[in-house]
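Engineer: Put the complex together from the two separate chains, hints included.
Now for the letters of each chain:
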Amino acid sequence: MSFSRRDILRASIAGAFAAGASTLPTRLLAANNTAKIGMNIPMTGDYAPWGLPGLYGCQIVADDINAAGGVKIGGDSYNIELVAYDHGYDTEKAVQGYKKLVLQDKVKMVMMLGGSTVASVLPWAERRKMLTTTLLPSDITPDSDYLIATCESHPLYNVTGVEYLAEKFPQAKTAAIVTNNDAEYGLQSAATYKAAFEVAGIDVIDVNLHGFDITDFAPIVSSVLAKKPDIFCMATSFYVTPLMEQLFHQGYQGKIISCTLDYYDEIIAKTSREFVDGTIFQFPDFDDPMLNQPGVNFPNPGDFDAKFRKAHPNDWSAVSWEYPAILLNWIEGAKAAGSVEPTAVLKALKSAKNPEFVFGEGRWWGSQLWGKDNAVVGRWPVVVVEGGKARIKEYRSVSGWLDKHKDVLIKHMKELGLRTV
Amino acid sequence: MELVLLSIINGLIQGGFFALFAVGLVLIFGVMGVVNFAHGELVMVGAYTIWLVHAQNGLGYIPTLILAILLVTIIGLLMERFLFRPTRNDPLAGLICSIGVLFVLQVAATLVGGEGPSKQVPPPFHGTLVLFDFLRIPYQRLFGLGISALALVALWYFLTRTRFGWALRAVALDRDAAALQGININQISMIAIGVGAALAGLAGGLMAPLTNINPHMGHNVIITAFIVTIVGGVGSLSGAVYAAIIYALFHTFVTVYFGGTVATICGLILMVVVLIVRPAGIMGVRVSE
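Line by line, the protein sequences give chains A and B. Residues in the first sequence are numbered from 91 upward in steps of one, following the working numbering. Residues in the second sequence are numbered from 51 upward in steps of one, following the working numbering.
Heads up, none of these hints are tricks.
Facing chain B, according to a computed beta carbon distance under 8 Å, are these residues of chain A, among others:
1. G301
2. S312
3. T331
4. Y353
Calculated directly from the structure, the hints in this document are not laboratory data. Note that CB positions come from ideal geometry on N, CA and C, so glycine has one too.
With the rest of the complex left out, here is chain B (with noise of 0.2 Å):
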């Protein structure tokens, strides 16, 4: 019973995590028709700013963490506006460019962080909280968790309940359509891929304290996204936010009773069964033809 609590509580703080890196991806897919490679790397940014400013240069963590946020966001919009622009209608040459950016940031890692070891970042809230005397959770990983669920009712609200959030849906829906009703696509792809990098930049700087932080961090990031969002259904948010617990949840399950080997297997066979049972995934809607 304990082991089983305590891998709920796990399988949620990872759910989290992927949540926050796998709405954005979705984010940026639907609002601008770009698988976005580079979504991995904008995590590893922010991991790497938390590691740069705040474990090697003494700033706050909270404040470090803000600047990860900002400074990804800006890594997105330019993006957007040099790379993913130009391009809008040719998703492969969006693509191509996104696994450039992979690239270069990894690259830019590399130069400010040096070749070697892993970066470690001590964690900002020390100590263990102990609940009915077994249940052991770390205040870093609880912050987490609690950020994470903020960030993502953050995001529930803007994208209901504000103008913006109606058009970035409207865009996600129908491009065409919602141009006609005079929403600048133009101004919601900004906004997208900023909400998404910010989310991304988030997302590493909540986890650079719990992780080995390297330039090639973003690759299981990429590959968790990837399984998240085709099982959550490719372009749905709320899909996103569901498969990312559901996975989570499976994946710390099956790594507590049947090991870390076996769980990376199933966790892929997971994602084939949806596409072969559901092929628009848990929350996608099927376009007829």
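Chain A on its own, in the form it takes in the complex (with noise of 0.2 Å):
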């Protein structure tokens, strides 16, 4: 067999061209198409912990279905391309960065934190019909059709730790709450924890608002443990880390419940593991087991939580799962309109009488408290720290809680001085 010069010259740019592209990043040999997801988020100032880690953890899912060859959506092919936007939890760069986002960048969906952010976009994102998403339940109006709640609905979930703590241990009668007095946050949460412990016939002796502004926690924790309460509570997380190094300096030894303990191996580092282990809180982490059991619909949980801390080692925190958590849940959406387009979307997601979530089966719930049926309620996690480390002990139903104690809620709310319809 004989060669010429051109047979030798076209197989070895054929020989070049197959060694190059074995190469190339699969998602530039598939040509697919590129759905653009928005993240209009605090990325730097105090609450940055609630939205920076929460764009590591899309950025590792979008990656991992990217290098899979992207998902199919109405037969075509599509890599996830995140577009983050920082608004410091400012409204004003939130409405920027909104318009931004859905105008320059052209997503199909814009994940948000939550709170007033969220309501200073809210008008636009409804005339403009672009899918939205929150953590924040709260923010959900009668008239918001475009936003939803898919994964966290904060802080309807506290009710199933305190379920727990009620159950194993019943000698504990009195509870104090200590919250920030914020109507977003720490009153939801104060109002959902003072409902929670009523149903449990746990008695509420003192709840402790203070502002943005302490530096110091001892005169707050002496306060409170001089009414000596038989369960601490924490209703939200900014000051979790001063507030357990004060209890355990004044000698604290009762049940410690806190909605998220992000962190935590800091605040090991602060106290020790013998007065953090036993902490009653809400978000696993995802190397945990259990996260394993069938009906959790996220995938390689531990592979997730470890990629995470290999590349963020000091970052992860109660949102690293959630916004990937809604990132999946729309791609779901997606494959079933057949469409990355936001209303087609929104009608799939909504179409589900049982909508999947993060930890198994939900449903569309909301309606009797904020006007619409716009975010899921299912099974949520009691997590509890055993040897220093987080680990889910087990899952109870938010959903059956509200059909039974939905009233004892709202008496709470309105208490407070919280929107319910």
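Structural biologist: Below, the structure is given as structure tokens:
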């Protein structure tokens, strides 16, 4: 067999292309479409721990999806591209960022933290019919058709921790709640805890509210401990570390329950493992074996946890997996709709009677509290620190609790001046 | 009774921190006539230094505390030389410059420490002192109280027993008269901002293991410093120390018996009442026109 110079040249070019192509990213080979997802979140300032880790988590999920060839939606393959805007929890910047994401970047969904920043974009978002997500279902109003909460039902899940505590520690009969005095996070959470304690037969002997200007928590803790509560409850997470530190130094020996316990390894470093052990909260690490059980809708949670902690060793927080879980919800909705367009995806998501969310099957809820069934509620994990490590003890039903006790919750929300329908 | 005693101790500890940064603010204002809005950020830089050098890189706490004081002092000296001195005759320009420094330091802290959660520093002094079976005071807080008291005594000695201290007080009283006496205003301004910044760095370093550290923590510091300065009497160093202790005790007791939200409101009401009843503050001198 003889080869001409032209054959050799042709073969060389083909070989070089094949060798080069094998090293190209999968997404270039597939020549996919791109679905842009916006994140209008705080990445700097006091609220950054509830924004930035979510972006990191979403990037891990998006990279995995894209490396696997993208996602099939309506017969086309799509890569996921994240476009983030840092509003620093400033409402004016939130509006700017939202419009930039929608008009300039042409995103198909905007993920947000919640609170005043969501309220500021809501009228415009509704007019544009742009699908928007929040972690605070209390942002939902009777008119907010395009605002949904498909992952976190802050602070409704707190009822599961109180139920667990009351069942496992029946001798604990009095509780004191400490929280920020803001209506978006602190008071919502305080009302939920008050309702949950009332239902559990636990007497709330103190609700200690403070502002964001506190630099020393010693007086607050000594004031609360003087009332000798069996349970010390922290309803929001901004100051969990200094509060836990003061509890430790002031010799508190009762039960501790908290909405979140972000960066609990730092709390252990400031106190002791023995002191932090037994603390009940609501947000698991994702290397938890209980997340591998059937019903959990998050692919390879342990792998996700490991990748996150390797890339961002000190940044894991409650939202690290929540925004990715919302992104995964959106992908399922888009697949079902056969389209990435916001209205179609929303319709597909809302058409599911029992929508799947991160911890299993849920249901659309909210009209009795906020005027629209746009929040997914289902079961939620109760997490306890054991041996210095957060571990899910069991799942409990938020929706079941709401079915039985929503009137108690509404009563406490009204008492604290919070909006209900 | 237990709660009262504990509150007094907590109030004194807070008062020590308040005094450190308020005295620095008063010193800079008194000598240079500049309202240093970046003073809270100088405290923040002190705290960040402890986080970065001690907590992240393992240098001992005490050497890092000294490093924090030196670093913040250098920042203060640079501010005086390149911002406040050229704008000395225009108090508004100095104020605007200090606001610029505020933003620069906040962004620098974000660049150094990254975005995201507040930084935490494990306490270098573990353990709790227990007195009479009911008074529990962490050693870290006791250390803060002791060092604050020592620093304030050292400042008092410097201001009342040394030639530079006398010169500094003379400039604070009347800059032109002091200059006519041959006092070098530039040199005294450098000393004033150096001492003020050093105290801010010390306050930040002492507070670092006890609080959330983030680029915006100076905001709360400067508000407290202004309240203390106004209550004590603008320009009065002894007034700032007294006011810091009074305000801290007041804030602590209101927090304990009425809650943190009420304490914040009452703190501001206290300032307003002092302004109405005694406009020059507790120790301030009213100057007739």
